[in-house]
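Undergrad: Sequence:
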Amino acid sequence: MTFGMLVSHTKSRRFVYRLLQYCNTISVGKCFSTSCAWTSRKKPSQYGTVDTERYSSLVKAVVSSRVSYQTPDSLEEEDNTLYGPIVRSKSSSNKLTPVVPKNFHPLIKEEKTMLSEECDPGKPVRLSLPRGSERSDMPSVTRILQQTMSPQQLFYLERWKRKMMAELGEEGFKAYSANLFKQGKLFHAVLEDALAPSETSNEETEYSEDTAGYVESIQHVLDDISEVRAIESAVQHQVLKYVGIVDCVAKYRGTLCAIDWKTSEKSKPFLHNTYDNPIQVAAYAGALNSDDNYSYQIKNGLIVVAYKDGSPAHPHFLDFGKVTQYWEKWLLRLEIYMEKK
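Residue -15 is where the sequence shown starts when you use the working numbering, and the numbers rise one by one after that.
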């Protein structure tokens, strides 16, 4: 038994000092006498049966001046000597290991011809998804994201639904959801007219009450949009086999971006407030880059959150580094979806 183990078990040095008082017949150091005047008066004690020779080295260690200089580092070193180094649990180490896609596919299609930034884009493209018998069995980006939500996302979504249904009732909640969908559809129609006006468009268009606030909200963002190349246009990833409809492809402050327009009743000043929207933009960018219907490729993204009350919209720009990060997240979600099928 060592001194460190004795101290750790007793959590006190009283035992050792009591041992010194009663074990006066053993010489443990020059500074201790071999006799004591009050020895004959002491009462019988349980310490009298202690094997003093066995613990004499411990007593010397206690009275040594080195004990008073223990530090957290020296105590840690002593613990490592006695009990070995700390071993992290597997669950803790797993949290530090990033999850990566099993089969990585590049965001950029290297063999695809790049369109010059100075090239005149001409009239914006608007491709539609096939309908009827020509409709593809490929899943959409929206469906994949909805069916691969994390348990935490599902929990908050369900809690929000229960709260709204408690306030509005089941029928009221259905009407509320339908109205939100209607507002979003009208908002995108207004955007189409603003970004790619037709020959019959009226510059003094009066917007409805449902869209007027949103239009006012995005005015400062529209000032930074130029060279619109696609609006509400279908994209298809020809290798990963999924489809989607990108809201807009245009330059934002001189940089070509896949743009996603969102409406919200709550302020979303930070990118993490947009939840899965960055993953959605990355998915559209990857599909567009793979689609031979588009001669250019997208490396950047933009999410614009518009507000009904007319508050200035929040534009969230995603550079190539961020788009790449969210592209990897999208590949993971796609793998989860395919495994569930």
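Among these hints, one or two may not hold up.
What the hints assert, rightly or not - Taking lysine to aspartate or glutamate pairs in the EDC-like style, the calculated list, with each CA pair at most 20 Å apart, reads: (1) Lys306 with Asp260; (2) Lys158 with Asp194; (3) Lys250 with Glu319; (4) Lys235 with Glu211; (5) Lys246 with Asp260; (6) Lys252 with Asp293; (7) Lys158 with Glu176; (8) Lys246 with Glu176; (9) Lys246 with Glu323; (10) Lys166 with Glu249; (11) Lys225 with Glu142; (12) Lys166 with Glu193; (13) Lys169 with Glu193; (14) Lys306 with Asp293; (15) Lys166 with Glu216; (16) Lys86 with Asp303; (17) Lys166 with Glu154; (18) Lys147 with Glu249; (19) Lys107 with Asp260; (20) Lys283 with Glu211; (21) Lys145 with Glu249; (22) Lys169 with Glu249.
What the hints contain is simulated information worked out from the structure, not anything from laboratory work.
Undergrad: All hints are to be evaluated individually against the structure, with a verdict given for each.
TA: Results of checking the hints against the structure:
1. Lys306 with Asp260: holds, 13 Å
2. Lys158 with Asp194: Judged against 20 Å, a Cα distance of about 18 Å means the pair holds.
3. Lys250 with Glu319: The given pair, whose Cα atoms are some 32 Å apart, is violated under the 20 Å limit.
4. Lys235 with Glu211: OK: Lys235 and Glu211 at ~6 Å, within 20 Å.
5. Lys246 with Asp260: holds, 12 Å
6. Lys252 with Asp293: Within the cut-off at roughly 14 Å; holds.
7. Lys158 with Glu176: violated, 27 Å
8. Lys246 with Glu176: Distance of about 14 Å is within 20 Å: holds.
9. Lys246 with Glu323: Since the Cα atoms of Lys246 and Glu323 sit roughly 30 Å apart, the hinted pair is violated (cutoff 20 Å).
10. Lys166 with Glu249: holds, 14 Å
11. Lys225 with Glu142: violated, 30 Å
12. Lys166 with Glu193: It holds: about 12 Å lies between the C-alpha atoms, which stays within 20 Å.
13. Lys169 with Glu193: Holds. Lys169 to Glu193 sits at ~14 Å (cutoff 20 Å).
14. Lys306 with Asp293: Distance of about 30 Å is beyond 20 Å: violated.
15. Lys166 with Glu216: The given pair, whose Cα atoms are some 16 Å apart, holds under the 20 Å limit.
16. Lys86 with Asp303: violated, 25 Å
17. Lys166 with Glu154: Roughly 19 Å separates the two Cα atoms, so the pair holds.
18. Lys147 with Glu249: Holds. Lys147 to Glu249 sits at ~16 Å (cutoff 20 Å).
19. Lys107 with Asp260: violated, 31 Å
20. Lys283 with Glu211: Roughly 16 Å between the alpha carbons, so the hint for Lys283 and Glu211 holds.
21. Lys145 with Glu249: holds, 15 Å
22. Lys169 with Glu249: holds, 16 Å
When the structure is compared with the earlier hints, violations turn up for hints 3, 7, 9, 11, 14, 16, 19 and for no others.
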